[in-house]
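Protein chains: 2
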Amino acid sequence: MSGHEYEPSAEERLIARHFRPLATHPGALGLGDDAAVLTPPSGCDLVLTTDGVIAGVHFFPDDPPDKIGRKALRMNLSDLAAKGARPVGFLLALALPAATDEAWLAAFAAGLAEDAARYDCPLFGGDTDRTPGPASVSIAAFGAVPHGRMVRRSTAKIGDCVVVTGTIGDAALGVELRRGEGRRDPAERWRLTAAMAAHLRQRYLLPEPRNAIAEAVLRHATAAMDVSDGLAGDLAKLCRASSVAAEIDVARLPLSEAARTALAAEPALIETVLTGGDDYEIVLALAPKDLAAFCAAARAAGVPATEIGRIAAGRGARFIHDGRTLAFARPSFSHF
Amino acid sequence: MSGHEYEPSAEERLIARHFRPLATHPGALGLGDDAAVLTPPSGCDLVLTTDGVIAGVHFFPDDPPDKIGRKALRMNLSDLAAKGARPVGFLLALALPAATDEAWLAAFAAGLAEDAARYDCPLFGGDTDRTPGPASVSIAAFGAVPHGRMVRRSTAKIGDCVVVTGTIGDAALGVELRRGEGRRDPAERWRLTAAMAAHLRQRYLLPEPRNAIAEAVLRHATAAMDVSDGLAGDLAKLCRASSVAAEIDVARLPLSEAARTALAAEPALIETVLTGGDDYEIVLALAPKDLAAFCAAARAAGVPATEIGRIAAGRGARFIHDGRTLAFARPSFSHF
Chain A
1 MSGHEYEPSA EERLIARHFR PLATHPGALG LGDDAAVLTP PSGCDLVLTT DGVIAGVHFF
61 PDDPPDKIGR KALRMNLSDL AAKGARPVGF LLALALPAAT DEAWLAAFAA GLAEDAARYD
121 CPLFGGDTDR TPGPASVSIA AFGAVPHGRM VRRSTAKIGD CVVVTGTIGD AALGVELRRG
181 EGRRDPAERW RLTAAMAAHL RQRYLLPEPR NAIAEAVLRH ATAAMDVSDG LAGDLAKLCR
241 ASSVAAEIDV ARLPLSEAAR TALAAEPALI ETVLTGGDDY EIVLALAPKD LAAFCAAARA
301 AGVPATEIGR IAAGRGARFI HDGRTLAFAR PSFSHF
Chain B
1 MSGHEYEPSA EERLIARHFR PLATHPGALG LGDDAAVLTP PSGCDLVLTT DGVIAGVHFF
61 PDDPPDKIGR KALRMNLSDL AAKGARPVGF LLALALPAAT DEAWLAAFAA GLAEDAARYD
121 CPLFGGDTDR TPGPASVSIA AFGAVPHGRM VRRSTAKIGD CVVVTGTIGD AALGVELRRG
181 EGRRDPAERW RLTAAMAAHL RQRYLLPEPR NAIAEAVLRH ATAAMDVSDG LAGDLAKLCR
241 ASSVAAEIDV ARLPLSEAAR TALAAEPALI ETVLTGGDDY EIVLALAPKD LAAFCAAARA
301 AGVPATEIGR IAAGRGARFI HDGRTLAFAR PSFSHF
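Heads up: the protein sequence lines correspond to chains A and B, in order.
Take the first sequence: its letter number 138 is residue 138 in the numbering used here, and every next letter is one higher.
Take the second sequence: its letter number 97 is residue 97 in the numbering used here, and every next letter is one higher.
Just so you know, the hints here were simulated from the structure itself, not pulled from any lab data.
Among the hints, erroneous ones may be present.
Simulated coverage check for chain B against chain A, where a stretch passes if three residues somewhere in it have a Cβ under 8 Å from a Cβ of chain A [what the hints assert, rightly or not]:
{"no.": "1", "stretch": "29–38"}
{"no.": "2", "stretch": "121–130"}
A few chain B residues that face chain A, going by a derived Cβ cut-off under 10 Å, partial list only [stated by the list, open to error]:
{"no.": "3", "residue": "82"}
{"no.": "4", "residue": "99"}
{"no.": "5", "residue": "103"}
{"no.": "6", "residue": "104"}
{"no.": "7", "residue": "139"}
{"no.": "8", "residue": "222"}
{"no.": "9", "residue": "261"}
{"no.": "10", "residue": "306"}
Just a sample of chain A residues kept apart from chain B, beta carbon distances all over 12 Å, derived [stated by the list, open to error]:
{"no.": "11", "residue": "9"}
{"no.": "12", "residue": "24"}
{"no.": "13", "residue": "37"}
{"no.": "14", "residue": "50"}
{"no.": "15", "residue": "62"}
{"no.": "16", "residue": "114"}
{"no.": "17", "residue": "126"}
{"no.": "18", "residue": "178"}
{"no.": "19", "residue": "195"}
{"no.": "20", "residue": "208"}
{"no.": "21", "residue": "212"}
{"no.": "22", "residue": "241"}
{"no.": "23", "residue": "268"}
{"no.": "24", "residue": "299"}
{"no.": "25", "residue": "310"}
C-beta atoms are modelled at their ideal positions from N, C-alpha and C, and glycine is treated no differently.
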């Protein structure tokens, strides 16, 4: 500053160049104020969630930068979908190593912009810092549901059907493939075609959150949660919160052709499939009378939905295979 | 999982033990769901902000853990105060190195709990990860203002008085003291008493956000922002957003006795005072007719407020000392 004219700092220029295009909501004030302002949608509650990714923990440092921000945003969008909420917007906290170049940042922001538009979830504000550590992306996302209607984990009823969207275990197998690169290739051991291996890797790289059926979840589910730490552990959490049990028929689990092929070659992978996490599907309980309507709504939205079992009296989620209950060494992904 | 009973993971136990006590709002659902639910206060807009701290960047890795979370929360509270908003709650994203022990975490959470209670800003949800990098704490905070009333940067008017709360430059001098430890001690060079040096260090360690006068800011300010990157650069940002200039009388700047003493010994420190940042005071513009009422409200709330200059036609913030405009090498703190 000459004392007479203010030159925007490098940080402000970076934000203006890469992130202002994502701040399409008028309340974001073009990212030019201390805070954003949101007039809550009339008659609605806000649904609040936060999730993020760290290089070397949740993604590989050499992953394409356009996928990294999208993955972080989609993890949050998946939580909103499971609660029956429509996206409203998000805040972004970004920590970048000094070596981050302009091209990385441009690709990162462009990917994020694509998803902000696709899911109608604009950026409301952010915080950008240098870090001596790995790149990290933390997102806080807001959704809206009609007042009093957020779908919870704790409200499943005995006799409900248990339904899961999409397919289970692909991302957990995909990350095993990534980790196995250059060693004895798991893809070979699992007898996967190149297309199958690519499918599993892609499912880890970029989740497909199920926001297209948030409305159907809101209308029909008695309880729901997103599957992020593995179906076994996450369903067990839902059961604990609802003080019920679940009995799941392993033969009915929705599996991709790639996962089926890997399991045929190595049946012990069922534990990876059920406990590895990163599915970003929705598991929900609903009254049997609502099953057909929910499945029709899911089909109309292009989202597969499969009934896999029932809510019962008792405790815990039992995965029953050929009449026997599976036991897992580690039921749920945990950072600690 | 035995298949029959679910044992909470280490991550869930950690959250329950240390963070559930901060989740006092019913909408936080005891941190036991995918997301929290907030019924927006009637007739209000929500004010959204995010800010955080990284070890080695925004705090010293050996800072007392009870201060670290509080500092991160207070940085966000300061933004809310400057916008005239009352705190509603926050989301916490925590990344911890593997070496973080239980005692550190307990102290961290206890400090945060103290401030969540003090500022009536409960925890709504969080995300806790292991990181191979330094500890980092990212917070997204929500406040409430009457609909359409959020105080902005862009609405200062020519002829307004410029007022700043508290004292300026203490934290910037405090961090210099911390960096100088073990070398030629700046405290000696600046002829500080032990109490003065302690005051400056404390101001860096733990800001005092001005939420007590958020209501007065809302009532009287034409424009406001929090001073986090240094008064010179932040006031210049306010001027740019409002398409005005500011003329500031350096002799009227509110300085602590410690800062006055350091400046007397080393007059060039005026640049550190005005551009070093971490003040977490509020700079505001208000109509001259409202000055007395604002200052009375601030006094009643125990917050010092000082008129330091005027909004004028033109561009940029001019800091005038003995008839000359100061020029700074680096007007505003920037990470990039």
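Verification of the hints:
Only residues whose beta carbon comes within less than 8 Å of a beta carbon in chain A count, and the stretch 29–38 of chain B has 8; three or more means the coverage holds. With a cut-off of 8 Å between beta carbons, the stretch 121–130 of chain B has 7 residues touching chain A; three or more are needed, and the interface restraint holds. The criterion of a C-beta within 10 Å of any C-beta in chain A is met by residue 82 of chain B, whose closest approach is roughly 5 Å, and the hint holds. At a threshold of 10 Å, the smallest CB-CB gap from residue 99 of chain B to chain A is about 13 Å, leaving the interface hint violated.
About 15 Å separates the beta-carbon of residue 103 of chain B from the nearest beta-carbon of chain A, more than 10 Å, and the hint is not met. The criterion of a C-beta within 10 Å of any C-beta in chain A is not met by residue 104 of chain B, whose closest approach is roughly 13 Å, and the hint is violated. Taking 10 Å as the C-beta cut-off, the interface hint given for residue 139 of chain B holds, the closest approach to chain A being about 8 Å. With a cut of 10 Å, the hint placing residue 222 of chain B at the interface with chain A is violated, because the nearest CB-to-CB distance is about 14 Å.
The interface hint given for residue 261 of chain B is violated, since its Cβ lies 26 Å from the closest Cβ of chain A, which is over the 10 Å cut-off. A least Cβ separation of about 21 Å between residue 306 of chain B and chain A goes past the 10 Å threshold, and the interface hint is therefore violated. For residue 9 of chain A, the condition that its CB be more than 12 Å from all CB atoms of chain B is violated, with the nearest at approximately 4 Å. Once the 12 Å rule is applied to beta carbons, residue 24 of chain A is consistent with being away from chain B; the minimum gap is 15 Å.
Look at residue 37 of chain A: its CB is around 4 Å from the nearest CB on chain B, not clear of 12 Å, so calling it non-interface is violated. Chain B draws residue 50 of chain A into its interface by the beta-carbon criterion, the shortest separation being 4 Å against a cut-off of 12 Å. The claim that residue 62 of chain A lies off the interface holds: its Cβ sits roughly 15 Å from the closest Cβ of chain B, which is beyond the 12 Å cut-off. Every beta carbon of chain B lies more than 12 Å from that of residue 114 of chain A, the smallest distance being close to 22 Å; the non-interface claim holds.
Consistency note on residue 126 of chain A: stated as away from chain B, yet its beta-carbon is not over 12 Å from all of that chain's, at 6 Å minimum. At roughly 17 Å, the least C-beta separation between residue 178 of chain A and chain B is larger than 12 Å, which holds for a residue marked as non-interface. For residue 195 of chain A, the requirement that its beta carbon stay farther than 12 Å from each beta carbon of chain B is met, with the minimum near 33 Å. With a least CB separation of 17 Å from chain B, residue 208 of chain A remains clear of the 12 Å interface cut-off, as annotated.
The non-interface label for residue 212 of chain A is consistent with chain B: the shortest C-beta to C-beta separation is roughly 18 Å, beyond 12 Å. For residue 241 of chain A, the non-interface assignment is contradicted: its Cβ lies about 6 Å from the closest Cβ of chain B, within the 12 Å cut-off. The Cβ of residue 268 of chain A lies farther than 12 Å from every Cβ of chain B, with a closest approach of about 16 Å, so its non-interface assignment holds. The beta carbon of residue 299 of chain A sits about 24 Å from the closest Cβ of chain B, which is more than 12 Å, so the claim that it is off the interface holds.
For residue 310 of chain A, the non-interface assignment is confirmed: its Cβ lies about 16 Å from the closest Cβ of chain B, beyond the 12 Å cut-off.
The structure is inconsistent with the numbered hints 4, 5, 6, 8, 9, 10, 11, 13, 14, 17, 22, although it conforms to all the rest.
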